[in-house]
Amino acid sequence: MAAALRTPGQPRALLGALLGGAFGFGLVVALRAISGLPIFDTDPTDYPHIVVPAVTAPLGYLVGLGCFDYWFRWAAGAPTVPDDHSQHGAHSWRDYFKFNTDHKVIGIQYVVTSFFFFFVGGAIAMVMRAELAQPGTQIVDPGVFNGLFSTHAALMIFVFVIPVFAGLANYVLPLMIGAPDMAFPRLNGLSFWMLPIAGVLFLTSFLVPGGAFDAGWTGYAPLSTGAPLGQSFFNLGVQFAGASSVATALNFLVTIITMRAPGMNFWRLPLLVWANLSTSLLVVAATPFIAGVQFMVLFDRALDTNFFQPDAGGDVISYQHIFWFYSHPAVYIMMLPGFGIISEVISTHSRKPIFGYRLMALALIGIVVLSYTVWAHHMFVSGMFSWLRVPMMITTLLIAVPTGIKVFSWLGTLFGSVMHLYSTAMLFSLGFIVTFTIGGISGVMLGMVPIDIHVSDTYFIVAHIHFVLFGGSVFTIFAGVYHWFPKMTGRMYDERLGRVHFWLTTVGMLGSFIPMHWIGMEGMPRRVADYSAQFGDWNLIISCFAFLLGAAQLIFLYNMIVSWRFGPRAPGNPWRAKTIEWQVSSPPPIFNFPDIPRVVGGPYEFGVPGAKHAIMPGDEEGADVKQPEPTVAGSAT
Amino acid sequence: MTRATLVRMVGAMLALTVVISVVMLQFDWNGVAGSTEADEIDLLLDVMIVLSSFVYSIVLVMLGYSIWRYRAKPGDESDGEPIHGNTKLEIAWTMIPTVIVLTAAAYSWVILDRIEAREPDRLQVDVTAQQFAWRFEYPDQQVTSTELHVPVDRQVEFSMQALDVIHSFWVPEWRMKKDVVPGLTTHITATPDREGNYSVVCTELCGIGHATMRAPVVVETQEEFDAWIAEQEGEEGAGGAGGPAGEAGGAAEEPSEEAAAGEQIFTESGCSGCHTLAAAGSTADIGPDLDEVLAQRTPDEIEQSIVDPDSQLSPGFGAGIMPDTFSDSLDEEQLKALVAYLTDSTAGTK
Chain C
1 MAAALRTPGQ PRALLGALLG GAFGFGLVVA LRAISGLPIF DTDPTDYPHI
51 VVPAVTAPLG YLVGLGCFDY WFRWAAGAPT VPDDHSQHGA HSWRDYFKFN
101 TDHKVIGIQY VVTSFFFFFV GGAIAMVMRA ELAQPGTQIV DPGVFNGLFS
151 THAALMIFVF VIPVFAGLAN YVLPLMIGAP DMAFPRLNGL SFWMLPIAGV
201 LFLTSFLVPG GAFDAGWTGY APLSTGAPLG QSFFNLGVQF AGASSVATAL
251 NFLVTIITMR APGMNFWRLP LLVWANLSTS LLVVAATPFI AGVQFMVLFD
301 RALDTNFFQP DAGGDVISYQ HIFWFYSHPA VYIMMLPGFG IISEVISTHS
351 RKPIFGYRLM ALALIGIVVL SYTVWAHHMF VSGMFSWLRV PMMITTLLIA
401 VPTGIKVFSW LGTLFGSVMH LYSTAMLFSL GFIVTFTIGG ISGVMLGMVP
451 IDIHVSDTYF IVAHIHFVLF GGSVFTIFAG VYHWFPKMTG RMYDERLGRV
501 HFWLTTVGML GSFIPMHWIG MEGMPRRVAD YSAQFGDWNL IISCFAFLLG
551 AAQLIFLYNM IVSWRFGPRA PGNPWRAKTI EWQVSSPPPI FNFPDIPRVV
601 GGPYEFGVPG AKHAIMPGDE EGADVKQPEP TVAGSAT
Chain V
1001 MTRATLVRMV GAMLALTVVI SVVMLQFDWN GVAGSTEADE IDLLLDVMIV
1051 LSSFVYSIVL VMLGYSIWRY RAKPGDESDG EPIHGNTKLE IAWTMIPTVI
1101 VLTAAAYSWV ILDRIEAREP DRLQVDVTAQ QFAWRFEYPD QQVTSTELHV
1151 PVDRQVEFSM QALDVIHSFW VPEWRMKKDV VPGLTTHITA TPDREGNYSV
1201 VCTELCGIGH ATMRAPVVVE TQEEFDAWIA EQEGEEGAGG AGGPAGEAGG
1251 AAEEPSEEAA AGEQIFTESG CSGCHTLAAA GSTADIGPDL DEVLAQRTPD
1301 EIEQSIVDPD SQLSPGFGAG IMPDTFSDSL DEEQLKALVA YLTDSTAGTK
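Going line by line, the protein sequences match chains C and V.
If you're matching positions, the first sequence starts at 1 in the working numbering and goes up one per residue.
If you're matching positions, the second sequence starts at 1001 in the working numbering and goes up one per residue.
Honestly, I wouldn't trust all of these hints.
[What the hints assert, rightly or not] Some chain V residues judged to face chain C by a derived CB distance under 7 angstroms, without partners named:
1. GLY1031
2. ALA1033
3. ILE1041
4. MET1062
5. TYR1070
6. ASP1079
7. GLY1080
8. PRO1082
9. VAL1101
10. ARG1175
11. LYS1177
12. VAL1181
13. THR1186
14. VAL1201
15. GLU1204
16. LEU1205
Honestly, the hints are just simulated from the structure, not real lab data.
None of these values were measured; they are calculated from a predicted model.
The C-beta atom is built at its ideal place from N, Cα and C for all residues, glycine as well.
Just chain C, same shape as in the assembly:
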């Protein structure tokens, strides 16, 4: 026991959290006692004796887990081994609960953790749909309902969609560019462990006085600055999620720029790598804005600063400008990696090179640039300076052009292809084109100021964001998970269950979110527990489809768990793909390659006689690829 508390791991992490929390609590109590303030009696927005430990306990947890051990030793001048691999790779399932520096272990940690929060967020959505099935309030009261939709959105955005993409890319990106790992493996491990902390903070807010944060995931001031304690947990959770994604984005940038295999020039990068390069450019520059603005709200709440207090000279609208300066790029942070996945999946499963590869890459960069110039389209009715609306409308509509290029290029790729429709990954990619295009079209409509004036903050918006985030992002996530499942686990999944999952998800998704368009246009505002009786029938229908959608995800869960444990062994390259990650065993060996591959051509040279993307070590004369024994991934033994 004593040894477990000395070596890095969960027992020491819990001790660290306890000590960290106690330190923060003691600090507050001592300082308040010295200042002569009442120790526990504070305003509902303050509670420093809970907020400060909510910062120090997670930090203590990270220290205890061992995220900083190496750096501390190095900083203290203690002996360190630069290529110490003791925390690298997984030998049993227990290693997934420890600090690890292997990008493949971290990738799986990311994906599994974020899917855990996906199911929690989904369960919350089911409660909301049960409440909304009828007008009036039946199951939860309006205050609780406000907490439910706020938490649902925060979980889905900050600890599901954004990190699950980072997790998939963490696993496959170094393999794709022929690198042995990410550029900064220890930073990579730290990035991951900040993620569950963010999710736990969001969920803990349900337990504190005043209930969960209930000002929406947008947390507009001054509703958020005056909200009870739960809001502070949102402010802090966003810090951990944000720090995690900034660190990961830096890691991706350095990895992509400096660690490409010989011959892997930028025009030979798989589009998933291009997509993560673009996403990382957005994350590093935009995320600090939301981190900053949530600190400003926290300070307004806890320290009585006046950033957004109108009575004291604060400016309410400036919250929205700073918030959306991050959160509009964030919708592309949640979409571009998905574009990358779709390109990989469509090219591989339709046996054809991507149509217009270079324009596809340039379109990503075009979206990155434009996405910084459109944030105020969320604020057409906010009362901001009205001149800004028309320029932002034009840039918003223009961003449909690079997005359209991508859709047309995928369709061009399908033309003359050999399309393998029995593949679940392919079905989700085609489904994505159908649903995401609807979300794109409603997005263009929302970009037009006169239409936006009518439908903003109505269920039309709810429909639109779910078409782009569920019909868009989540469909690409499923496509990616199915596509790389054999690579990550070394097992094949059940395609039949996969297809059932696809069809039920598509029917549930369309049935849930299509009618939301018209109830919004007809007058139902968003974020309400109760609504006018005229919308009762449609809401009942929406709720039924939503339950179908929820149930369909249980099929996915069953398929993943059972296939991971009992599925047939996966060959190295079940899809006969060209990119490098498929040229090694499934799962890949511990440092990916015995020797770095040499890249000699484009990534999607299907149907080109004699074309090769990469020459693998030991493959010089076309001999069979010889690889060391694969390591164990999860419960794959």
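Place chain V on chain C using the hints.
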């Protein structure tokens, strides 16, 4: 691809465009149109429906054709044609959408200018929003109400302020919406052109009572509107409520007079948006039922609970739900009247 296939595909795209557009244009998606602005916005929407149907038809036809034509047979392990792109086609699907969206943007801008054009003889209404109630003042007529009455076929300019958090003013039938922001005065105009009863709906999340923060809207003829204004003026004069209460100081000594003024303050300040009170006919359940909780309280305690709501919480209701702005928004006189009214109307229910 042969020329005949291309022609057939383009034909299918156009046919599908027509089918989708015709079906979609059968519905009044935005519901009843009750203002001149609504007609403009609905026209823009219709144009967008046709344009979107065309774009979506291209996607569906290309996708459907590919699935039908290029589906792999079981066991087929061949590769597709190694086509890497087509520069002319790529330039086309960059430039054509650019032209389309820029045209659409220009058209939206024209519509925007039209719906925001100001008429010289517009009616002024000052709107005050607070958790969770609306109040409307007619500065030229010196009238205040919790109902919004406007004459038909005359532009109305709403100048809006919020007392606590952000709210949003929306009458769905008018299609016009603008946030009501603390610390700012925001403006919006609408020209109702259809008589009837509608609602102001709050569309910006403003707290626990957001879903039920509504106010009735009556669009009526100029004569009916004038009559309503006259009626309101009469009531204010007789009741001695609000601002003029001080002038009727002598009469305010009489408890029942004071309580009558209090009743008006109760509805105008938004109390009835959250609380049940039999005497005022309100049945909301966001805050405690006043008939129950006030019966046990002294006037001083009631006053305390209005200005500092969290000082004494009723079971089942958390801190921070009720706005703590009433000490600012009500003056001494009004507060006294409100307390008197609440004491009177709940005393009997002990």
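Structure-based check of all given hints:
| no. | hint | result |
| --- | --- | --- |
| 1 | GLY1031 | 4 angstroms, holds |
| 2 | ALA1033 | 11 angstroms, violated |
| 3 | ILE1041 | 5 angstroms, holds |
| 4 | MET1062 | 4 angstroms, holds |
| 5 | TYR1070 | 5 angstroms, holds |
| 6 | ASP1079 | 4 angstroms, holds |
| 7 | GLY1080 | 4 angstroms, holds |
| 8 | PRO1082 | 4 angstroms, holds |
| 9 | VAL1101 | 4 angstroms, holds |
| 10 | ARG1175 | 4 angstroms, holds |
| 11 | LYS1177 | 5 angstroms, holds |
| 12 | VAL1181 | 5 angstroms, holds |
| 13 | THR1186 | 4 angstroms, holds |
| 14 | VAL1201 | 6 angstroms, holds |
| 15 | GLU1204 | 6 angstroms, holds |
| 16 | LEU1205 | 5 angstroms, holds |
Figure legend: structure checked against the earlier numbered hints; the only hint not met is number 2.
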